[in-house]
Amino acid sequence: MGEITLKPKVTFKVPIIAETITPDNFAGKPIEEIEKLEMWEGNRKTTLGDLFEAAGSSGEAPADTKIIIEGDVRKVRRIGYKMTDGQILIKGSVGMYLGEKMEGGKIIVEGDADSWVGAGMKGGQIEIKGNAGDYVGAPYRGDTKGMKKGTIIIHGNAGNEVGCWMRGGTIIVKGNAGLFPGIHMKKGTILVEGDCAGRCGAMMKGGKIAILGYVPSVLPSFTFEEIKKSFKVKGEKIKGPFYLFTGDLNENGAGKLYVSTEKNKHLQFYEKYLE
Amino acid sequence: MKTVRNVVCPFCGSLCDDIEVDIEDNRVVKVRKGCAISATKFTKYNEERIYKPRIDGREVSLEEAINEAVEILANAKYPALYGWSCTSTEAINIGIEIAELVGGVMDNTASVCHGPTILGEQDAGISTCTLGQVKNRAELIIYWGCNPAHAHPRHMARYSAASRGRFVKGRKERTVIVVDVRKTHTAKTADIFIQIKPNSDFELLTALRWAVKNGELEQEEIAGIPAEKIEELADMLISCRFGALFFGLGLTMSAGKARNIEAAVNLVRELNNYTKFVMVPMRGHFNVTGANEVMAWATGFPFAVDFSRGYPFYNPGDTTFVDVLTRGDCDAALIVASDPVSGFPAEAIRNLAKIPVITLDPHETLTTMISKVVIPTAVVGIEAEGSAYRMDAVPLRLKKLVEPPPGILSDEEVLKMILKKLKERVK
Amino acid sequence: MELLIKNGYVYDPINEINGEKMDIAVKDGKIVESVSSDAKVIDATNMLVMPGGVDIHSHIAGSKVNSGRILRPEDHYKDVKPRTAITRAEVGHTVPSTYTIGYRYARLGYTTVIEAASPPLKTRHTHEELNDIPLIDKSCYLVLDNNWIVLDYLSQGEIDKCAAFIGWIFKALKGYAIKIVNPGGVELWGWGKNVESLDDQVPPFDITPREIIRGLCKINKMLNLPHTIHLHTNNLGKPGNYRTTIETMDTVSDLADGKPNIHITHVQFCGYGGDSWITLRSGAPEIAKYVNNHNHVTIDLGQVVFGDATTMTGDGPFQFILQNLTGNKWKNADVEAEGSAGIVPYKYKRKNFVNAVQWTIGLELALLIKDPWRVFLTTDHPNAGTFMKYPRVITWLMSKVAREKVLNKINKRAKKRSTLPSIDREYTFYEIAIITRAATAKALNLANKGHLGVGADADIAIYNINPMEIDPSKEYKKVRRALKRAAYTIKGGEIIVKDGEIVKSFIGETFWVKPAIPEDLEKDMLREVSEKFKEYYTVSLENYIIGENELASSKPIAVKTNL
Ligand code: SF4
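Here the protein sequences come in this chain order: C, L and H. The first sequence begins at 12 in this note's numbering and counts up by one. The second sequence begins at 8 in this note's numbering and counts up by one. The third sequence begins at 109 in this note's numbering and counts up by one.
So here's chain C without its partners, still in its complex pose (with noise of 0.2 Å):
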């Protein structure tokens, strides 16, 4: 396997845009060709080698080319960009839309990223150590294609509206999540594990949302159906038990919320309901 290393030359101040940092771009070229691809610092276009110090030598295909991140680029934004095979590893925290459009390969990042992770994926893995930001695995607005298939997972927390749009794939937050997780949801499942500040679901036509920490409430356009005692999550069990709420109604929705009961004692009043 080919390791290119890239370190910033100096501390950013601007946006910097670097969608051509992928396994895909690096793949079989020197570093000298490495250096000349383009890159947006604000308004100037320039070039990775002005940018970045880059050492190493890259793989003959995606699929074995692993770039690796050093230093601090929380202004660096959309790195892996419609990258198919190979991998990233950021040692720091990362900018906005890292891995958009993402069909395949792995992303892991030490530190925090920044909004619109795996903006639109279509296939792979980002796994963030630290927290993210708002809108993982969303598409733009007005847009409704969110993210598709693969698997993001999220160690810290995670801000609002988590797998908006979503159409496949699997979301894991193993922290807190903010509001509106699986809002617009068609597919796929998103699991927090943690707390979650609400609005589960809102506007969900399909797909799973399991929250194992406290939920402040269930949407009023959720209507409940039984207490299950798990829930599946890529073939692994999670055990429960939970309240399972179907929704959401206002959008003739048929989207599963589980939600644990254990940490949520304050929706028991809807037990009323099981007879």
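Treat the hints with caution; some may be incorrect.
Stated by the list, open to error - Short derived list, chain L residues pointing at chain C, Cβ under 7 Å:
(1) K84
(2) G222
(3) N322
Unchecked claim - In silico lysine to aspartate or glutamate, DMTMM-like type, Cα no more than 20 Å apart, as pairs:
(4) K216/C <-> E227/L
(5) K216/C <-> E223/L
(6) K93/C <-> D307/H
(7) K276/C <-> E227/L
(8) K133/C <-> E650/H
(9) K264/L <-> D154/C
(10) K407/L <-> D362/H
(11) K189/H <-> E30/C
(12) K9/L <-> E650/H
(13) K93/C <-> E182/H
(14) K423/L <-> D416/H
(15) K156/C <-> D416/H
By construction, these hints were calculated from the structure, which means they are not laboratory data. We put the beta carbon where it would ideally sit given N, CA and C, even for glycine.
Fit chains L and H with the ligand to the given chain C structure using the hints.
Chains L and H with the ligand in isolation, oriented as in the chain C frame:
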């Protein structure tokens, strides 16, 4: 003395166009028909004026100030151009070309008021109308998270609750409902006041929609309102002949923001299966709607446009000025007809203070005080003419009533000079 | 400046020039007999030369179009182009920015386009956008059929005053023709309702759609307006509506005097047979038959092109039905005392039965109506597709093979039900020149547009294709490619496009009609109207009026009326 009639008032999004202004010796001496806001502003527009351009606090000629502004903008790698809600559409239009030319972020104040309204619309649409439609037809009016009695003082009399229209003759023929977290002045005049728990608008709107669809509410209380009350309300909404929902920052800025608007849009859409229902945002600054309109026709997007790569890119949350500034991304700013320093989050202001700022404004503001370049301009609607769009997107023409102070040009003229120099400079 | 376009094959139907090899001389923006030897020469050898295109119906400016832009950011993301030294940044797609509209029309060789529907109260907005559309000349129709003042006058039988009001409104708002959109139905949409037939009552006005149409048709003649009434029918978008369309045409047949007196627009949308979406079939044969037998009617197609579209009309109730059918996002915007607008994003799919039938209807209309001078090419941009697809539509008309290729890919049931496969007609370049420029200019009565005779505006399109050698029936792809990117577009004597790229940019003219109204009548009318204004509107009459200085390049056309 002369009297100018049918003056369009440039002091809030209602753009009342029936104001009468007496003018003597190039000064406004009396204002009739306007509300308290308008009366004060029309007569006191000369207070706190800036009369000379400055660079770093030093008075300079207009030419020097413009040259400096051009240098700053041309050298910036990620300049931001912001404000625009209190100037003419023509001026904004030139601002857009400047942004395009220098590869900057062009944003207007909608991003911190009704930006969520636009985002909600972009996901769900909106059923809306011009205000006369409400005046002529609305039997039921809801004010949700807005307080026109304070913010748009003549709105209720001219356009909504108490207006006299062709089919509905006045306040007595209308039912007025106020939804708010506290009993505002507007709420006191309502037939029904619904005091909602803070930050639970989304829940109430969702419940209402479900009740309109005849669904069963499984919770006894939602947003602090008993389920039966919500069902009753839903029945009321269905059974009016024409209903209108006005909404303000109480809805766009409470938890959920754009999603609250989307929920309201969806409720109104549902209601149209039973009756006629519309919603209209209560836009604050007099031409914030115009800023959205001209940006949309020139760039495809109504606010928050990033031209750094030569073409328009739009993604509020990323390309909105307040976010750009909070992240510390921009390295220069042009502020026109707005005072972000007085309302922005602390982090954003700290970052603004670190970069060269050019400000165009008739008046001294907190923003002019931290600006490197200040260029005083004429007061639009009093000293300069131009187009403006009312909150319901009705376009009107602002009048020039008096001459500006000597040497002071309009935003439009100053921006044209900047654009011209930039074109020579950039290439 | 002088230009000499040498040796092109010229198609100029108004002057009955059919592919003649000849030179065209241009001086000071006009076509002239001859030019001096200093003239810049354009070698058009083996190229096709036509007058600049004239689009009679397209949604290019104003509140409705802009609402579409705002509603649909997802429409724009992928269709962008950076600023150049000559052009502003471009942003599309189905609802492009003003600049983009101008450049893209110019690239197609179009030089005149009319905005299809401007509600009077928002016409200032329309003009602000027209001011920002570069290169082409333009104008707008004013929607007047659901206007309360018009309805009041018509229902009271005050036709003179109504005519005076309409004449005044053209002067005040700078519009070009009377647009009618679902007469009566849109007023009822104010209450969430609609009309279903030409004889439904429209309370409280004591008037029917038929009476509104007839009234406005008479007024059009009284005012001697250059274009006919321009009408979007009742029941648009409903199965079985071809009957309403024929009835609408017929309701003014007795008012005609040998010339067209009604234009029915985007007839594809009102040419449906059957009585439900399941039994839907084309009503084009019936409509074509009527048009072939009655010369008081002109129509345009509203041809469907598969792919993305944005539906936007002044027909609020129709858009409401469409949002319910599609579940897509929906914008509705009613305008006090005047009308409405609705917008719903839409995608036409080949395999969808209804969409496939819609596609056949437009083409059947074009191929079954015999007189090309009375059927015009439009896609009702962006309702049935964008104007960028005109070259594609043209090849469908010129080539049976091109049609068959699509027919083989569309929904089978739709293909089986259509008469399209049995139609052999193929348009000639001459006929294409008629339906895209000559006939539209004539229908608009724009004497200096749509032809290349001496005195005409020097608006010229040159396409890199040899009409003498090519067989459009077989080589339709070549035709399409050539039409998509004009070799040259000349506007007002200036070369604005070369090899499909914009080489010069400026703002074209906005023309509008200025009817002469007897002073006393106008005074009387205005006294009444200003009273009504206070009750009906939320703006004053004074602020409703648009100053000529608000137009970037104003071109009034004085009209002598019969009042
Ligand atoms: S309500 Fe607004 S527009 Fe009307 S007079 Fe008062 S400040 Fe001016």
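Structure-based check of all given hints:
A cut of 7 Å between beta carbons decides the hint on K84/L: the least distance to chain C is about 3 Å, and the hint holds. For the restraint placing G222/L at the interface with chain C, the shortest Cβ-Cβ distance is roughly 6 Å, inside the 7 Å limit, so the hint holds. Given hint, N322/L at the interface with chain C, holds; its Cβ is 6 Å from that chain's nearest Cβ, closer than 7 Å. At roughly 25 Å between alpha-carbon atoms, K216/C and E227/L are farther apart than 20 Å, so this suggested pair is violated.
At most 20 Å may separate the alpha-carbon atoms for a hinted pair to count; K216/C and E223/L meet this at roughly 19 Å. Only pairs whose Cα atoms come within 20 Å are accepted, and K93/C paired with D307/H is rejected, the gap being roughly 59 Å. Taking the CA atoms of K276/C and E227/L, the gap is about 16 Å. The hint holds against a cut of 20 Å. For the proposed pair K133/C and E650/H, the alpha carbon gap of about 57 Å is over 20 Å, so the pair is violated.
Note on K264/L and D154/C: the hinted pairing holds, with a Cα-Cα distance of about 18 Å set against a maximum of 20 Å. Straight-line distance between C-alpha atoms of K407/L and D362/H comes to about 52 Å, which puts the hinted pair past the 20 Å bound. With a C-alpha separation of about 18 Å, the suggested pairing of K189/H with E30/C holds against the 20 Å cut-off. A distance of roughly 18 Å separates the Cα atoms of K9/L and E650/H; the hinted pair therefore holds under the 20 Å criterion.
A threshold of 20 Å between alpha carbons decides the hint, and for K93/C with E182/H the separation of about 18 Å falls inside it, so the pair holds. Only pairs whose Cα atoms come within 20 Å are accepted, and K423/L paired with D416/H is rejected, the gap being roughly 38 Å. For a cut-off of 20 Å, the pair hint linking K156/C to D416/H stands: about 15 Å separates their Cα positions.
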